[in-house]
Amino acid sequence: MSTQPILELKNVYSGYGSIKALKGISLKVMPGEIVAIIGANGAGKSTTLMTICGIVPVEKGEILYQGKVINKVLPEKLPVMGLCQVPEGRRIFPRLTVMENLRLGAFYRDDTSQIMKDIQHSYEMFPILGERKSQKGGTLSGGEQQMLAIARALMTKPKVLLLDEPSLGLAPIIVQQIFDIISQINKEEGTTILLVEQNANLALHAASRGYVVETGEITLEDEASSLLSNPKIREAYLGE
Amino acid sequence: MEYFIQQLINGITLGGMYALIALGYTMVYGVIQLINFAHGEFFAAGGYVGAIALGYFSGLGYMETHPVICLTASFAMAMAYCAYLAVGVEKIAYKPLRKESRLAALLSALGMSIFLSNGLMLTQGVYDAVYPSELFQGRFDFGMVTISYLQIMIISLTACLLVGLNLLVFKTKVGMAMRATAQDKTMSALVAIGSNRIISLTFAIGAGLACAAGIMYGLYYGSVRYDMGFVPGIKAFAAAVLGGIGNITGAMIGGLIIGMVEIFGAGYLSSEYKDVFAFIILIAVLYFKPNGIMGENIDDTRV
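The listed protein sequences correspond, in order, to chains R and B. Using the numbering used here, you'd call the opening residue of the first sequence number 1 and step up by one each time. Using the numbering used here, you'd call the opening residue of the second sequence number 1 and step up by one each time.
Okay, chain B solo, but in the shape it has when bound (with noise of 0.2 Å):
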């Protein structure tokens, strides 16, 4: 039972990393129809972002005397980075092909994608880059349980920017002008909405998201690799569809699900085959349900 409780806390932990992420690829299915193959890039830029300014904080000696600062200040940079970097990638790499074929923007993605992970990699290296490992020492202990202050930390920011994100789409004006482009362009520009800045206001806050989730995989295996978007990014995708694409919702439940699985099938079935079971899913919601868990049936938290 504590075996399992336990799981239970490291897949709510990787599972909320992995909502983040979906989150992004869903949204910008809503919005423009394109399944963003280069998001997982995103995830890794802010990875890389995040350790460069906590590791700078850390040489300052700032990270043991002003943490929550150092953190803040590290999420605010790297998400702002990303944001920036994501609307750029769509003016450069998908805005001209809007009116071609879904398919060359698609095959656009998946360029850009391997040109942000080269890029990466000539400019940061092919080794490891080490988060600093002074914050959130502590735990608190259950009999058999742990749970350390960062997964604490990782969970509770987690669950504010999934709220966040819900208001902002379901109670604000500009969350309800999102949702209007993504169900009719035209009609929204006939009331005044300009779908290019709704567009890249997606994008920014989609790489937001998967920005913080890139730091936070960082603060918890300690390390990022310029190539860590990738199966992350796949994953997150894979949970994407499990929730149906375009559903915000499904894809907050369809990361923590992949996020368990990938956990539970790790602890009780095999370690080494953990990453298979993210795709096993998705081959199942293809092959059973291809809308997906939330998908077109439920309309009410779609974009």
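Isolated chain R, as found in the complex (with noise of 0.2 Å):
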């Protein structure tokens, strides 16, 4: 079973209106994986996602998860499914506590007691979440603000979690706390993750493979290693 991807895209097609921002990409995420997309600024990765979510609609092409097209589920349906996604900017709730963003987390589940156990685990997990659990989340800081767009991404129980740029305009010490706690998720509870970054650098350590999207398609795939020095991506992405 292992040899079937939990999350395939066939060719996608998707966009804006008229603006097509996705020219039929096709990848997998092999369960338990951690896969990096990674691009410029504009290349389509945060469309990718949302396309993924059901946000954007696909307009060619098809979304596999666990062997089943999924382009016309309903974007609330997909986290019951066990697909969930930390988007860009974490988006939290502005004027729901900390405690009030983790419950709704939660929302389609209704085992109460197994919920404010996962809460309190999401408290040692995020110390720093429980001190300030009835704080208004909009009164988080930004590192704080990702831990909890995190912490209640995982409170839907996913099986992949789409992570759209976690280190974006955070300090490094809190990006690698971040990127430690991604690894961790990864390993000790098996999720899959698919993680969209800006930053190659970072995605392709934490990676075991990675895409290239270039104004909507994908340019290149292979191993982190062998991307990491990949001579191409360390002059374009990587700086050098």
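Careful: at least some of the hints might be erroneous.
Calculated cross-link-like contacts (lysine-lysine; reagent style DSSO-like; alpha-carbon spacing at most 27 Å) [what the hints assert, rightly or not]:
id: 1; chain 1: R; residue 1: Lys-72; chain 2: R; residue 2: Lys-117
id: 2; chain 1: B; residue 1: Lys-289; chain 2: R; residue 2: Lys-159
id: 3; chain 1: R; residue 1: Lys-136; chain 2: B; residue 2: Lys-185
id: 4; chain 1: R; residue 1: Lys-133; chain 2: R; residue 2: Lys-60
id: 5; chain 1: B; residue 1: Lys-185; chain 2: R; residue 2: Lys-157
id: 6; chain 1: R; residue 1: Lys-133; chain 2: R; residue 2: Lys-157
id: 7; chain 1: B; residue 1: Lys-185; chain 2: R; residue 2: Lys-20
id: 8; chain 1: R; residue 1: Lys-72; chain 2: B; residue 2: Lys-95
id: 9; chain 1: B; residue 1: Lys-95; chain 2: R; residue 2: Lys-77
id: 10; chain 1: R; residue 1: Lys-157; chain 2: B; residue 2: Lys-99
id: 11; chain 1: B; residue 1: Lys-185; chain 2: R; residue 2: Lys-60
id: 12; chain 1: B; residue 1: Lys-99; chain 2: R; residue 2: Lys-133
id: 13; chain 1: R; residue 1: Lys-60; chain 2: R; residue 2: Lys-72
id: 14; chain 1: R; residue 1: Lys-10; chain 2: R; residue 2: Lys-60
id: 15; chain 1: R; residue 1: Lys-77; chain 2: B; residue 2: Lys-91
id: 16; chain 1: R; residue 1: Lys-187; chain 2: R; residue 2: Lys-28
id: 17; chain 1: R; residue 1: Lys-136; chain 2: B; residue 2: Lys-289
id: 18; chain 1: R; residue 1: Lys-136; chain 2: R; residue 2: Lys-68
id: 19; chain 1: B; residue 1: Lys-173; chain 2: R; residue 2: Lys-23
id: 20; chain 1: B; residue 1: Lys-95; chain 2: B; residue 2: Lys-173
id: 21; chain 1: B; residue 1: Lys-173; chain 2: R; residue 2: Lys-77
Computed far set for chain B versus chain R, every beta-carbon distance over 10 Å [claimed, not checked]:
id: 22; residue: Ser-58
id: 23; residue: Pro-132
id: 24; residue: Ser-188
Rather than coming from a laboratory, the hints here were simulated on the basis of the structure. Cβ coordinates follow ideal geometry from the N, Cα and C atoms, glycine included.
Bring the two chains, given one by one in their own frames, into a single complex with the hints.
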């Protein structure tokens, strides 16, 4: 079974109105993997994740999750199936408390006592969130919001976690902390992770495989270590 | 002094009704940024369904024997009817326009208001529908001040509905989801909250509250008319703006203030100008404090 991808995009086209942001994206994510999508600003990385999550409609091609086509599945049904995204900019509900933000991560779940345990678990994973549990989400710092966004996504009990630019706008020490947590989630929970990053160096060190996106198309795919040593990649994305 | 207290009681009674209507405006605005100008029609529809139901029970003679059951059943039926009506209105008139400009939905709301009001006129006639008068006949007298049983009923029911709504929005999971939808619909979808269901629920609750106000209005003034939704609807809108549109506590306070101002204005200044006072407040708020008294700066009680 593990030879079947848990998430697969087959020649996917999508976009906002007349603007075609994705022009035939194909990629595969195996269960338990961390896969990175790297590329420049506006290359279509975020659109790829939003298309997977049903927020941007697919125009052509197929998205398969656990072998089933999910092109037409409503966005709010996907977290129930185990597919969850931490979007770019974190999108914490600013006027809800930290606790309420976490509680809403478990919106579809009915197992109240387990939900409470999971919230406690979030506080153990991110002690700062426990300290700030009654504070409004909008009052948190960028790093705290990123932690909350990840913790909230984990409340949906994801099998596949899509992460969009988790390092964006954060201090290096916080970024390291966030990436340690990402690896930990992957190792301990076995959660599959599809990671979108402008910081290619960081992403490729965390991932086992990577895809390079340019203007809505995949231009390269390889093992993360090979991409890291690829001179073209080093020049274009690693600033050498 | 007695006169003042008397006016205060009357003001609370009327203001509570405005508060109930204002909540629908403010909640819908909070969730989809639309001023639902058809909202007053749910108030009118509620008044009519209440009149029909109570009239029916009265005709059967149940009103004398089981007043509480008749009243409860009438409120329940009318509120359920208005809730479904509002959900239908949203699906037909607003949902298809959700991706268009906000002006399109606003015009659609105005059209819906005319449609519903005329529908009521065509089906129920242009004459007043009378409420049965055998309910809540008694009153308490304290010197010059009187408070009728009906006023006590209206004030306590209003208080219960307002408290109930607060609990729903701020203490339950569905209320949390409603606030989340108001804040970020895309993110809500990413945590499995279906915004269509939440929007329908918001319309249903808002219409249910306006409907309850409509029945109270009928009981209080003795009759209802097909076009009764318009003026109280606009006054409640003024109340919602005064409180800070989108803010639930603001709508409650705004409704009470508008009701008080109207009653005190009529009592101390001129009863002929009673409808003017609400609009003076609306204009003053828009001019001096467009965010309202509980506006943008106080986020805690927004939807």
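Please work out if B:Lys-185 and R:Lys-20 have their alpha carbons no farther apart than 27 Å.
Holds. B:Lys-185 to R:Lys-20 sits at ~23 Å (cutoff 27 Å).
Distance restraint between R:Lys-157 and B:Lys-99, which requires alpha-carbon spacing of 27 Å or less:
violated, 31 Å
Just checking, B:Pro-132 versus chain R, shortest CB gap more than 10 Å?
holds, 45 Å
Between R:Lys-10 and R:Lys-60, is the straight-line Cα distance small enough, at 27 Å or below?
Distance of about 9 Å is within 27 Å: holds.
Would the pair R:Lys-187 and R:Lys-28 pass a check requiring their Cα atoms to be no farther apart than 27 Å?
holds, 20 Å
Agreement of R:Lys-72 and R:Lys-117 with the hint, judged by alpha carbon distance not exceeding 27 Å:
Outside the cut-off at roughly 34 Å; violated.
Taken at face value, is the distance from the CA of B:Lys-289 to the CA of R:Lys-136 at most 27 Å?
holds, 25 Å
Between B:Lys-185 and R:Lys-60, does the CA-CA distance stay at or below 27 Å?
With Cα atoms ~25 Å apart, B:Lys-185 and R:Lys-60 stay inside 27 Å; holds.
For the pair supplied as a hint, B:Lys-99 and R:Lys-133, is the alpha-carbon distance within the 27 Å limit?
violated, 35 Å
For the pair supplied as a hint, R:Lys-72 and B:Lys-95, is the alpha-carbon distance within the 27 Å limit?
holds, 19 Å
Given pair status - R:Lys-77, B:Lys-95, alpha carbons within 27 Å
Measuring from Cα to Cα gives roughly 20 Å; hence the hint holds.
Under the criterion that the straight-line Cα-Cα distance not exceed 27 Å, is the pair R:Lys-136, B:Lys-185 satisfied?
Holds, at about 18 Å.
Against the hints set out earlier in the document, violations occur for numbers 1, 2, 4, 10, 12, 18, 19, 24.
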